[in-house]
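Chains A and B, in that order, are what the protein sequence lines are.
If you read the first sequence in numbering that gives the first Met the number 0, its first letter stands for residue 0, the second for the next number, and so on.
If you read the second sequence in numbering that gives the first Met the number 0, its first letter stands for residue 0, the second for the next number, and so on.
Read the hints as simulated data drawn from the structure, not as lab findings.
It should be emphasised that the depicted structure is a prediction, and the values quoted were computed from it without experimental measurement.
Idealized CB from N, CA, C, for every residue including glycine.
Be careful, since some hints might not be right.
Said to hold, decoys possible - Subject to a maximum C-alpha distance of 27 Å in a straight line, what follows is the list of computed BS3-like cross-link-like pairs (lysine-lysine):
1. K348/B with K182/A
2. K122/A with K110/A
3. K182/A with K110/A
4. K232/A with K182/A
5. K235/A with K255/A
6. K348/B with K121/A
As the list claims (entries may be wrong) - Below, a sample of chain B positions facing chain A; criterion: calculated Cβ distance under 10 Å:
7. F214
8. A226
9. G229
10. G239
11. F298
12. R347
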Amino acid sequence: MSANAPILALRNVNKSFGPIDVLHDINLEVRAGEVLCLLGDNGAGKSTLIRILSGVHQPTTGAIEMDGGQVSFPNPRAAADKGIATVHQFGGTFPLMSIGRSFFVGVEPTKGWGPFKVYDRKKANAIAVKAVQDFGITRIDDGDRLVGGLSGGERQSLAIARAVHFGARVLILDEPTAALGVKQAAHVLRIVNEAKRRGLAVIFITHQVMHAMAVGDHFAVLIRGAVAADFKKGEKSREQITDLMAGGETMADLEKSIDGYMSTHGGHPPPPAH
Amino acid sequence: MTDSKTTVPGASAGGGFSLQNIFRRPEAGAAAGFLIILIFFGYFGVQNNFLTALGTSTWLNFASKVGIIAIPVGFLMIAGEMDISVGALIPAGGIVLAMASELYGLNIWLSLLLSLGIAGAIGYVNGMLVTRTRVPSLIVTLATLFVVAGLNIFVSKKLAGTTQHSVQDAGPVSEFLLGDYHTLQFGADDAPFIIFQSLQSSFFIWIVFAIICFFVLHLSPWGNWIAAMGGDQQSARNAGIPTNRLKIALFMLSAMASALVGMTEAVLANTASTTTQFGMIFNSIICVVVGGVLLTGGFGTVTGIVFGTLTFGIVFQGINFTTFDKDLNLLFIGALLLIAVLMNETFRKMATNWSSSKK
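Start from the sequences and build out the full structure, keeping to the hints where you can.
See below:
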């Protein structure tokens, strides 16, 4: 296995729900230490693609390959066992649990013997706080704090740190910055960079081109269930990517038509269409 | 604690004892509510023996029966589910015990196991229906409430020809453990020093049960799973928690706890009836909510539920010790519930916003 072989690859993946074809012939690859940005408008098939990668859905035809060998994920657990971690928009954490407890949910560290095994709060808190601080979130210093008291960015960071701690090799981030403010989003992007520096393969799903360009090495644009463009960093400008995502109708054209309207209507924008 | 740089990561606060630490605990609301209610009824009921050992036993005995059911119902609520079939499982527990021991001459302990087994089976059905169909548990258990209530009467009449069963004394050990009055006092008979007086066996069962449940919910890893399930079921399943099996186990626990309460009542009163205890459904839910459990799941404590049950017990029974009009009883309970929910909300916000490095 050469160092540059993809960790995870999709080969001609199709997915249909009954008569509706959602994904057509998807070919994607992601390598260790690389961020693949998956761009697309709402309804382009991003969510279905994530669900296939994380084992929620299975492809109708086509194959998933890991380290060059074909694999299948019959359920989310199987994908997680192979080192694929999915972090959802709100972090997928539990608001009324402490940081330590939510970090270790399902794999709680215990001390003691037999039926009297007790949850090791001190150990869990110390490991969780260290893992998050290693990602540069120094504001989290008490593992007893409830997750609900953290900001959106901190929750994302906690979820990413958790995935990395438990041995994730591929990190799927589902619109991590969509619900965040500018500063918080920058925070999350720094953490994406940190994960990449540690040699993880990151699949970063977003529709914010700015965020994608800040961290991406490789870009794929999905339009109506197909990969419309697949290019490397620096090959396309921000305007070109935005135009691609809009599905052919260029932003420039749109701006021009609005400008034209405004110049003939005394500077007023067009009335709402509905 | 004001300087975050000097705190050891993860090990700060928590262990120490300070006012701030008390108020960041969400069950603080339930404990504070209990104290207020205790002082209130203690003041207005002192002339009528509210604070004597016998007066205390009155509401403790009442609270213990609700309490045994409230803890597993609370577990279910923390896990994001409801169980209202308990109202029919209390009489079911009692009549199965009565019929097995009286009608078929079964040993009292075998009858008890049989009764727990049948209750467990009903709980299993509840759990299976909820996890398989994904119909809300409120509706599923509402249905089983009526199904079991109907079965109670039907089977009772078919097998014994009556809906009222007698339960004979089945021996000193079972009486002692399940349904008797206990008194502990020292000193001379004419001026005894009373520790407790006329406490029913169910009180001691409740305390032991609460300690076991406290261990499960707060010390063992299982407690984390229950809370995770109610907080975010999808994430909990993805984290490898067997959510379905755990949920079924919780439904079985609440059914068996209800049957146990029915059995303690049957042994104590030497009679068992098929009457469905609709009141206990609401009572258990009130105790759980007053105890600070989040109605939408994801959070709750055993300590909170126990305090909630004690508070409810005082309010329900305490009015008899005061000079207030007894007809106001239900109004008091409604007000208690409302105040408790509002207080819990405040305490929960304080707990969520708490941070060791508040600037």
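Of all the hints given earlier, name the ones this structure violates by number, lowest first.
Hint 3 is the one this structure does not satisfy, whereas the remaining hints hold.
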